[in-house]
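There are 2 protein chains.
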Amino acid sequence: MTHRSRATVVSGEPTTMVSLLEAEFDRRWPDGVTGLDAVHRYAMIPTGKLLRPSLVVHAALAVGGDLSAVLPAAAGIEGAHVGSLMHDDIIDHDGERRGRKAVHTAFGPAQAIIAGNALYFAWFAALTECTRRGVPADRVERAKAVQAEAGSAICRGAFEELTMRGDLDRSVDDYLTMARGKTAALFEAACRIGSILGGGADHATDLLGTFGDHLGIAFQIRDDLLPYHPATAPPMGKPADSDLRNHCPTLPVLLAHQRAGAAGRAALRHTLFDEADPQTALHRMRALLEETGALDAARAMADHHAQLARHAVSQLPATAHTRALAHLTSPPAKAAPLPSA
Amino acid sequence: MTHRSRATVVSGEPTTMVSLLEAEFDRRWPDGVTGLDAVHRYAMIPTGKLLRPSLVVHAALAVGGDLSAVLPAAAGIEGAHVGSLMHDDIIDHDGERRGRKAVHTAFGPAQAIIAGNALYFAWFAALTECTRRGVPADRVERAKAVQAEAGSAICRGAFEELTMRGDLDRSVDDYLTMARGKTAALFEAACRIGSILGGGADHATDLLGTFGDHLGIAFQIRDDLLPYHPATAPPMGKPADSDLRNHCPTLPVLLAHQRAGAAGRAALRHTLFDEADPQTALHRMRALLEETGALDAARAMADHHAQLARHAVSQLPATAHTRALAHLTSPPAKAAPLPSA
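If you read the sequences in order, they're chains A and B.
If you read the first sequence in the working numbering, its first letter stands for residue 875, the second for the next number, and so on.
If you read the second sequence in the working numbering, its first letter stands for residue 875, the second for the next number, and so on.
If you're looking for bench data, these hints aren't it; they were derived computationally from the structure.
You may find that some hints are simply not true.
You can't tell identical chains apart in this list, so a pair holds if it fits in one copy or across any two.
[Said to hold, decoys possible] Here are the computed lysine to any residue pairs in the SDA-like style, where the Cα-Cα straight-line distance is at most 25 Å:
| # | residue 1 | residue 2 |
| --- | --- | --- |
| 1 | LYS923 | ALA1150 |
| 2 | LYS975 | ILE965 |
| 3 | LYS975 | LEU1036 |
| 4 | LYS923 | LEU1042 |
Here the structure is a predicted model, which means the values were calculated and not measured.
Whenever a hint applies, use it, and build me the whole structure from the sequences.
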């Protein structure tokens, strides 16, 4: 598995960290297992981009923590992320994930609900392992409190997203509240957990948390933009038509609705709610988003939050790890600016 | 809500404890809320029997702990239990729970998946509150470790139950392994968490854990027997035909299959897999279970585990709280022995 998963890891990560993370994943979710373990192996390996584990590790090392002591926390948070994707794919009726069958398609929805739950609990169990690697119990307890709050925030964001479906009149503030819960809460938690376990002072933990929050919002906006990017990216996440099919008013769609006149709004509604063919809907929506300048506006908002993230981390002493964190705020190659119209 | 919920509380509980638990529930899941909070309010209140919270409280007080310090843990574990029921009802296609619409029926399956997850995370957040009520952080950290392990065990048990569906050749040992995970793990965790938070010595925590494990198995077997009890009990849990409809080989069904001859086994299979009318299936199954003596045998196994539970708790110094725990091992009135034939 190492060949494929390594190729998908966030660019710029030192090979040592990636190798250690992959070894940790292989130890936790070994090959040749059955039942629930086989579902987890399928979902966890090959790995995704390992973005959240990278945040845990870099945050811990940025404050002087120990790499091996936080590896369980890094693996655990990726498990929680993958668990949430399993449930998302059921909720969104997405049959594929990362270019192959989603867990509920491959194993059944009941199995995917249970396997996702198990990964949430394993996230907390992983933190306990950090005590056995020398992290003091009070730090672990504080990190678990951050995890519990982040988990609650993710659920609130996911629930809020359901209430937003089909509603083009929701504000950008509503969107940001939803994205902050659904996506940024786990980015923020990754940074806070790494800092707390690594022994960071409260001030450093707060700065790293602010970094993670803004990085998460930038990430979610860029994720919203992915279906409208003309480049053919390797299949990494959910199907490109998922948001449209689920009538999700993503940020570019909300911005286009704000900017459009009556005719443009009617066209947006028709495309989001009435167009039966997913490819036609995607093509038409892309044109509408370009016409209204919504793609550029959304991209500017993502860049703004990336800038705020860099500002937060720039207040910490500069090390290879704060630089690695700042590097993560750059848009990935596949989300590069679109050619103008 | 107090009138109805009080009536459903485990008999023999002191009114003070019940009132405090209900106040804690009302504070956490208040009336007049919207969105995710409204789903939680609907699911949590009126309360069920409050069996797991009672275990937390009595275990804590049995080792000399403080009632108000463990109330958040008691409320949190009931939340986790109700969260697991929300997911169970989706998995089992049970549209009703406690005599009214199940959460997925009333609010939608996506909402029920998310609301269940949120209650799991709230369980861990509740433990953190215990530190603010004077419980030392290292105890809270140990209690969270127990929670994480119990959560994983519940998922393993629930997954195992899926693999057992439709398989009448599974052994009683397989059944006990499944029941130990799916049901007894949370009973055991409730007792261990109460003891740990209350400052119990390891020996006391282990005895209380053993008590909870056996009580949980007895409880699950008695739950299996409920659909075959002639008395009309108030609607408390899942629909009576749920196990049959889902082709679940519960303990009495497995015992009947072991005891039956070829004709009896064929009749069991037909009733479990082919009978379209739920009431006819329930009626026929009851007759088959009585003929083979499986009901008596299952009841004897439940009593055996109840006896083991009482033995464990009898090794602790006798107090009102160990007596209250021992009292919980008696079969509830509605699960009294069936009239012979």
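Any hints from earlier that this structure breaks? Give me their numbers in increasing order, please.
-> 1, 4
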